[in-house]
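Chemist: In case you want the letters, here they are:
2 protein chains.
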Amino acid sequence: MSAYEALKSAFNRIACLDEASAMLGWDAAAMMPEGGAAARGEQLAVLAGLSHEFLCAPEVGENLAAAQAEGWDGKNLALMREAHLRATALPGALVQAQVRAGRACETIWRNARKASDFEAVRPALEEVVKLTREGAEILGQALGLSPYDALMSQYQRGIDAAQAEAIFTRYEAFLREALPKAEALQATRPQQELPPGPYPEAVQAALARKLAQAAGLNFNAARLDISAHPFCGGTQTDIRITTRYDEADFAAALMGVLHETGHALYEQNLPAAWARQPVGAAAGMAVHESQSLIVEMQAVRSDAYLGYLAPLASAAFGKEITLAGLQHRLRRVQRSFIRVEADEMTYPAHVLLRFRLEQRLLSGELQVKDLPGAWNEGLKDLLGITPPDDARGCLQDIHWFDGAIGYFPSYTLGAMAAAQLMAAARQALPDLDGALAQGDLSPLTGWLARHVHARGASAGFNEILQGATGEGLNTAFFEAHLTARYLT
Amino acid sequence: MSAYEALKSAFNRIACLDEASAMLGWDAAAMMPEGGAAARGEQLAVLAGLSHEFLCAPEVGENLAAAQAEGWDGKNLALMREAHLRATALPGALVQAQVRAGRACETIWRNARKASDFEAVRPALEEVVKLTREGAEILGQALGLSPYDALMSQYQRGIDAAQAEAIFTRYEAFLREALPKAEALQATRPQQELPPGPYPEAVQAALARKLAQAAGLNFNAARLDISAHPFCGGTQTDIRITTRYDEADFAAALMGVLHETGHALYEQNLPAAWARQPVGAAAGMAVHESQSLIVEMQAVRSDAYLGYLAPLASAAFGKEITLAGLQHRLRRVQRSFIRVEADEMTYPAHVLLRFRLEQRLLSGELQVKDLPGAWNEGLKDLLGITPPDDARGCLQDIHWFDGAIGYFPSYTLGAMAAAQLMAAARQALPDLDGALAQGDLSPLTGWLARHVHARGASAGFNEILQGATGEGLNTAFFEAHLTARYLT
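First to last, the sequence lines map onto chains A and B.
Take any residue in the first sequence, note its place counting from 1, add 1319, and you have its number in the working numbering.
Take any residue in the second sequence, note its place counting from 1, add 1319, and you have its number in the working numbering.
I should point out that these hints are in silico values taken from the structure, not numbers from a laboratory.
Check the hints yourself; a few may be wrong.
To give an idea of the interface, some chain B residues facing chain A are shown, with a C-beta separation under 10 angstroms as derived from the structure [said to hold, decoys possible]:
#: 1; residue: C1335
#: 2; residue: W1345
#: 3; residue: D1346
#: 4; residue: A1348
#: 5; residue: V1365
#: 6; residue: L1369
#: 7; residue: D1544
#: 8; residue: A1547
#: 9; residue: P1549
#: 10; residue: T1554
#: 11; residue: I1558
Here chain B is said to cover these stretches of chain A; the calculated rule only asks that three of the stretch's residues, wherever they fall, bring their Cβ under 8 angstroms from a Cβ of chain B [as the list claims (entries may be wrong)]:
#: 12; region: 1351-1358
#: 13; region: 1554-1563
Ideal Cβ placement from N, Cα and C applies to all residues, glycine included.
All chains should be built: construct the whole structure from the sequences, respecting the hints.
Modeler: Rendered as structure tokens:
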């Protein structure tokens, strides 16, 4: 067996362990009785420990030094090298300290957020930031990247912080002009509320399932269940998406399911011949988010699709759900404090704020103790509103407290990429709106399967966009999308 | 860390992997979409492979040679030694040949059973029997046991084939006399059928859940779901029981759930301080079966409990479910061809037949080609009936075709032990029937927790019975139970 073949076999085994973890993680969120939590934690720790041990194994290092490969195999080998390097670059003691600090900080954060007490979690966050910085410096040296780029690239390869900053700066200028206009235009329009509930959970679930299926999700290889925090988990041939239902509002669950369906389609359509190899995986979190958002935001919230949904929802719930009602519920801009509740126009401002703050935190330019003030000033500057407390300010997201720095830009890079991909798909598929008007997402998702999904991790963010749309990320498409939807 | 501590740590890790496998096995049966099957097979193979590799590791052998321990630790160490010995005694090539042969034979058997074509599966079964014999001889030498006992003891320690044969021979004599009498008495009694269905699945499920809970099952650490073949899976703090529902007959699902509840209570009550150590596991398949059958057959099918169930079921289903109707449905003897459908009096005859035949197959005294004839003669001799075809004869059970020889006696040893334990519990708990008449199994299951569950695997079959009842297995208790229920 060649060195490369041995590596493929080793990575296949690692992937099987990671698949087992993914299924047990889904189970913990969607099925497990609470009594199982402690044992599950230990099972997952053993699986993660073995996966890490196999990735760091000396023979993997030796085979990586000896292996040679071309084409997709060459890309696969490069991804193996990066994974091994990332796993071995940090001293074990630092990794353990990071895990301990992140876990401790997250626990304190849960209560601190409830009490809106930043000072309570400040020392723990200082420790997390300090250890993250140490790790980022070592990783950056190993990978030849800046510390922040070393973190950012673990979530998404193929776009760096400088490129993202240029994009976000342009968007900032657009937003300062567009948001007041959108608000003014919105105020002139009639506000048609959807009829009050109840919208029975079972009816919502059946409708969500039907729409996901029509969007192309294959339920012979997927499930839809309930969890407190919706997600897409499982594995390529056994996707598990979850949602939660609110009987007063059917729209949240429907949009949630279609969002996760976008993620799920990406996983289902990854190149099966490269399953369990690094190059066969998704290309990163920003690309993943582009796939959920092109379904949810670009396709499903379009007039064409909502026009299809309105009579379907009316029949399912026995209430009058109009296109105007859906438009009002699903397409409204509003300056708000909470990122996860933000509309698509203001959402990037929340991300931009975090993206800039986390870079300054990592470099040490911003002290943790000064974070609440910097947060509030930043939001005031971007959206003109000031959080009434830190719970609705810098304590709202788990990410930093958990040690995840470098993740935030993925959300907005994904939203922008979705708009750019949609524009290209529309060019390639002249009757796209006609299909959407019949609830048929297959032309769109088929196009995505060929131009995005099939590439696996063989290309980075901008390279995938280049291949699919003819250029790297260009925020003009996202701006044009928002202009068409909110300014005309 | 002492050699023994190192072993405890190694076995803890192995147990975590086995727990992951157990959860994924449950998921495959109860949740997984069919598209996930191939990937799941590979995930489970990786987990089982690692578990086996860790058990066989040279350092485990070295630590076992060096370790010393007393008390429960000493028993734990002995069980570790046996597990390591069993895992390492067979040459790898033989184990692989056994796995391959078993898998191939099982596949052929599925079609052969459908077609009732023994000849189609004969060559594959010959290979399985030959390889099982080779393994049993090696294992027997390593463990100082006869080949058959070496197989039997992997399912249940603490009772051997000679002891089982003595018990079964006595039962055979009882049956020859009791069965015609029970049939004659039964014929004189009114046959009160339960009302026809439908019995809605959701109502059955709610009632089953309620009864399982009243029997002591803690749903904070358990789930009840649906699968084609009911079982009790999961782990001690996260038990997963399954059943299947037939809307024409609620009794099967209810009895099934209560049967699995007996298994589940055993697992939930195992000594938590020894979790993930061999001595903290269940004592074997016969003891496990005794725990499911003492709940299902001894407690739940008693007049006292059925008297409690009748009005409850009547209210739940809105039909008149009488005690007499339940008695007729749940307590009827009948000579039949299929083991899994047999009543508690004739069931042991099915086991006895298999127990004797499998010993002769293993020794080579009986050729595989002569199995159908020997089977039919044996059943004719024991129950006076002859299977109309091999599908209802020697092709009905998966066990041998899958390579499982030595398992069958556990079913009947468990049924007999259940009767003996019930008699002892009745002595210790004078108002046991009063509690059963209120659906309260807690006095019984509390007694079982103290006298059986808490012992884990620290004792074998007869030793546990000795401790709980004052003597090793004595079939007189089972005979007395059947006499009281069917002959008076």
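Chemist: Run every hint past the structure and note whether it holds.
Modeler: Structure-based check of each hint:
1. Interface hint at C1335/B: satisfied, since its Cβ lies 4 angstroms from the closest Cβ of chain A, which is below the 10 angstroms cut-off.
2. Because the beta carbon of W1345/B sits about 9 angstroms from the nearest beta carbon in chain A, less than 10 angstroms, this interface hint is met.
3. For the restraint placing D1346/B at the interface with chain A, the shortest Cβ-Cβ distance is roughly 6 angstroms, inside the 10 angstroms limit, so the hint holds.
4. Evaluation of the A1348/B hint against chain A yields a violated restraint, the C-beta minimum of about 13 angstroms exceeding 10 angstroms.
5. Hint status for V1365/B relative to chain A: holds, with the closest Cβ pair at about 4 angstroms, below 10 angstroms.
6. Look at L1369/B: its Cβ gets to within about 7 angstroms of chain A, closer than 10 angstroms, so that hint holds up.
7. The beta carbon of D1544/B comes within 9 angstroms of a beta carbon in chain A, closer than 10 angstroms, and the hint placing it at the interface holds.
8. A cut of 10 angstroms between beta carbons decides the hint on A1547/B: the least distance to chain A is about 17 angstroms, and the hint is violated.
9. At its closest, the beta carbon of P1549/B sits 18 angstroms from a beta carbon of chain A; the interface hint therefore is violated under the 10 angstroms criterion.
10. The interface hint given for T1554/B is met, as the beta carbon of that residue sits about 6 angstroms from the closest beta carbon of chain A, less than 10 angstroms.
11. About 8 angstroms separates the beta-carbon of I1558/B from the nearest beta-carbon of chain A, less than 10 angstroms, and the hint is met.
12. With 7 residues bearing a CB less than 8 angstroms from a CB of chain B, the region 1351-1358 of chain A meets the requirement of three and the coverage assertion stands.
13. For the region 1554-1563 of chain A, the stated coverage by chain B holds: 4 residues have a C-beta nearer than 8 angstroms to a C-beta of that chain, and at least 3 were required.
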